[in-house]
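Asker: Listed here are the chains, written in short residue letters.
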Amino acid sequence: MAMANARTVRLLSSGLNDRDDEDEILTPKEEIVSSTEEEEDSDDELKQKEEEKEFKHRSLLNAIGALDGRSRKRPRSEPSQEVSVYNLNTSPGTSLEEEVYAVLHGSKFAERSNHELSVAEEEALKAMSVEEARERRKELQKMRALQSYYEAKCRRQKKIKSKKYHRIQRKAHDRSEKKQLEELERVDPTAYAQLLFISMYFSSQERLTLKHKNTGKWAKGATRFGKHNPQSVQAINEQLQKNKDLTTKISATIESDDEEEEEKGNGGDWMKTDKGVSIKPSLSDINNPWFAGEPKIAKKKENDTKTDGKVYHKLQPITLKQDASDASSDSEDEQDVDSMKPVRKVRFFDEQNSSDDEVEIRDAKSKNLQPWQPLVKRTDTENGLKVDNEDELDRNSDDEEIEQENKNTPTKVSSSKKISEPVADEKEEVHVDPTKFFEIESRKIQSEKPDFAILEDDADEDEQRITIQQAFADDDVVSAFSKEKLDKVDKDKPKNIDLSLPGWGDWGGSGIVPNKRKKKKSAAVNQLPFPFTNAQQFERSIRQPVGQTWNPESTFKKLTKPKVSTKMGSIIAPITSEEAFEDKSKTKKGHQEITESGQMNFTKKQTKNQRKKSKGRHQNKKNHQDGNK
Amino acid sequence: MADDEFVLPKKANKKRTQRYYDTSKDKTPTLDKDEELKDGSHRNKKHKFERGSADPFKGPAPVPKEKVTKYVRGKKIDLQSESIPHVKHRHSMKRLEDKYAEAVKSAARSELLLTEEAGFLEADEDEETHQISQKEIRQAVDISSATKNFDLTLNQFGPYKLDYTRNGRHLLLGGRKGHLAAMDWVTKRPSFEINVMETIQEVQWLHIETMLAVAQKKWLYIYDNQGTELHCVNKFNDVLKMQFLPYHFLLATASATGFLKYLDVSIGREVASIRTKLGRLYCMKQNPHNAIIHLGHTNGTVTLWSPNLKGPIVKMLCHKSAVRSIAIDKSGLYMATSGQDRQLKIFDIRTFKPLQVYRIASGATELSFSQRGLLASACGNIVDVYKDCCTQSQDKPYMMHKMKYNITDLQFCPYEDVLGVTHTNGFESLLIPGAGEANFDALEQNPYQSKKARREWEVKALLEKIQPEMITMDTHKIAEVDMVTMEQKLAERKEILGYIPAAKFQPKHKMKGKSSSTKTEQRKKGVIEENKRDALRKESEKVQDSQKKVKAQEKEEIKLGKRSALDRFQTKSS
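Chains as they are written, first to last, in the working numbering: chain C, 318 to 946; chain Y, 7 to 580.
Next comes chain C alone, as it looks inside the complex (with noise of 0.2 Å):
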């Protein structure tokens, strides 16, 4: 209760035109107005004046009530017993009632106990005369209708099928358009400048979706079908026109005039376009080759800030009046905007080509990022985001000292791990220090020297050295292989890719994942047979060798033995029916006892019995059918 009156307190106070609330408020407010009308008339003065105000009374109170919610129909005169139980002055013991004290005494919608009304009520009867707030209600409903109307126009403008109406409709907007901003561009050039800049991301965007150049499902089914309908093909060209007004670049040229625009208070560093107009480049042209050669950006940043805050606000579009402190963190923000500290370059990648359009934004996120805050790469597939980041990049050149590629897989081709997983796995590298490495220290072993050996004592050996040492001098090994260990590791390291000129230098450009057929095959198991369940599992069950080269012969023909193994010629009986529906306890015992020994032997001694029950069966039958006889 307390928190939804505040809120509509507040909007009253500051006079904002939330159309909903004002009728809820405005209702009461007439009847009022209107009673107010009546009381000339009547006769009985005293009486009536009582009653006018008991009735104002009341309406007054409809009108609060409909303030905060709730309705306070409640006689002058009956005292409010349950305000009194909360009036006593007692501290308060539990988090309600120091919740409801505070209300209760704090708060200026509190009730007073020698007043009517709360000050915050008397605050709201106070905030607007009645006439004001009929003006209000009057220009309000102008205002709605209007917008009706306009609103009515449009739909109906929309729902005509003409295309030659909306060709006319669509120049006659252009014309207008192109007429206000030359207007514009006369009267203020700093907005003029924004709106061109605008204009320019709405060209990378087109650049980077292409949404004109017939990539559509509509595009494509027209030129395949509508070439020879004109109007399709007229389309199809006013379509490529658009993505062609859209991405054509706007030439650098720069103006020799360059103190006339700053004199003007323009900047240098502004570009200026056919018509002479000067405007800002995209950040993308920052780094762009073709816009080499503009300096004096810090120094347009100054401007910028002056008047950007006032451009912004033009263009907002919403009016609502906003607090000071609003519209100050508003304006930070836009400075922010173009301020150069944290940088984050976003590249755009197009899907459907790869081109290498790119356009860099400063990122007004980026306020937040703290400098030594490590950027992650990452890529974001929804957007066809690519954060780069050189810093991360830098960390990995680690120090190795032997050059290790595929250590443990050296089927695979090493380009293609390098490829997908610049970093290599650091548990399965080795690393030696060359340094350290012919640190330590060799022992003599004391044997007899060769006949030929050219040094006769220990003393002489150690000079010998020396001059060893000195004759090879120039080839040092050390630093030599270290040198080239390390030209290794940046070979494999995934470079900084020089923007300047995109694509240049490498054929296909960066990221290209090798051919999936082309791949070697790699000898190992690829895919867990039945019935594991984990690869531990699996690896588990082939650790041992099963050959004869690592095991007793009598073992390696039991790990060996195959599942089923009959024995040649033997006959193996028809089975009977006595056989087939004998009592399933039984049978499963017998199955068991084949299955865990792993084969079914039809050795002699079984199929002789077999033949024997089986001729014990003939002869039961027999001795049955007799019995029947």
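The set of hints was computed from the structure by calculation and includes no laboratory data. None of these values were measured; they are calculated from a predicted model. There may be inaccurate statements among the hints.
To be verified - Restricting the straight-line Cα-Cα distance to at most 25 Å, the calculated cross-link-like pairs of lysine-lysine (PhoX-like) are: (1) Y:K359 x C:K805; (2) Y:K94 x C:K878; (3) C:K761 x Y:K525; (4) Y:K544 x Y:K525.
Fit chain Y to the known structure of chain C by using the hints.
Answerer: For chain Y alone, coordinates are given in the frame of chain C:
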């Protein structure tokens, strides 16, 4: 391994099943448990076996635990885990584990058959082993062993290169000036002797003693054991060094032009040709453990190669000057290198770090590891043999021998305590006690192989040939699942099907005509469908659950809202 597997099973104390020939219960000898544990075996105890009495030592003989652990490979499958959902599969895996345990035990038990003992030379108190001369050894050992110490004077066509066959029975000698001879060195019976009339750079036996490769002046030639030229491989030119990878049937050659080439001798095709760009390849050895080729270079580096990569797998800086020679031990753990800087270094190949650094009189021109880990080095005319030089730092050689001529090649003879050394003037066979493996596996390599056995072996070896693609640094990699590809595949399948399909179901073989092709197919289909349905149901349930949760949460939020203590006073109408 569980303890009970190696101790005599408790069954012995249990009541045994009575047999019809059991005369009386009292006569069955009871076992003293303490005794059998002490010496690990209880068979030593003498018992009187009476006819008809039960076998007091039922079951197989126990095997000491230490021996068994030697043969254990990796961990068992976790049978208790929930990851094997079906009891049936758990049982089958348990059966597999039992089989493996039995295999390990029987392997340990069959050590009993390795009758030969290995031993090293032991010196008297005031003597060192390297002071013992060949003559003294020859006089001390038995006649047949003494005949293994001999020398051949071949002073016309030297300096010589040598190679022993893998079973150590045959010796191949190649003189620089074209002399090529093969012989059964034990019986001293020559198989052939020719002059190829060309410079011989290197000689190498192939998989059997009937084929040999010779790197001559220009090309690589293959001869048989009669000296007949079988092939002239003119794709392989200027070969300086050769290594034969027996399990892959590959002949790796290093040439003066810097090419490392692999020839598959079983099909006669060049498998890989790698341009190393590292100059003249004068130093090459293979790692017998994983068939990786090690090359030594003039800039002090050693590079490791496999036929599957265009570049070296590893390039390590070993010496500050040129590498003279390399040797790798049988287990593939240690690499010995010698350099021009008169150092002999031992590297751990797993970490690529040096373990020992020795200073020797001059850069060892040749190095060779024996089967039992002795390292022989040749410096000029001196042969030094080092014992335990990899793990402990030594300051004396184990054995030493001085020759009259400069040594050009040396190699330990497999399965013999013999070191073959060639020099400018012939060949010398030295006795190095403890060098060779005392026990041989006749199925693997048999020095006493008959012609028929050899033929059998050749077929078997060809059938078991390993493809060159399988050559990797880590030999265990091949027994591992390629997780990356597997996950990628699964992800792809999930993307296409919307769920991860269960492992392929193979219907169990059922008896009595229930395993007809139609029936099995039907069963398969049923299971597959069921799995699909299950997966989809689970998926949908998940989605529904999450939706329900969200809804409930929303409701709750709406119900409670951001409540204030004063909410209770709000009228219900609003």
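Asker: Hint by hint, note whether the structure agrees.
Answerer: Going through the hints against the structure:
1. Y:K359 x C:K805: holds (20 Å)
2. Y:K94 x C:K878: It holds: about 20 Å lies between the C-alpha atoms, which stays within 25 Å.
3. C:K761 x Y:K525: violated (78 Å)
4. Y:K544 x Y:K525: Violated: K544 of chain Y and K525 of chain Y sit about 28 Å apart, past 25 Å.
Checked against the numbered hints given earlier, this structure breaks hints 3 and 4; the rest are met.
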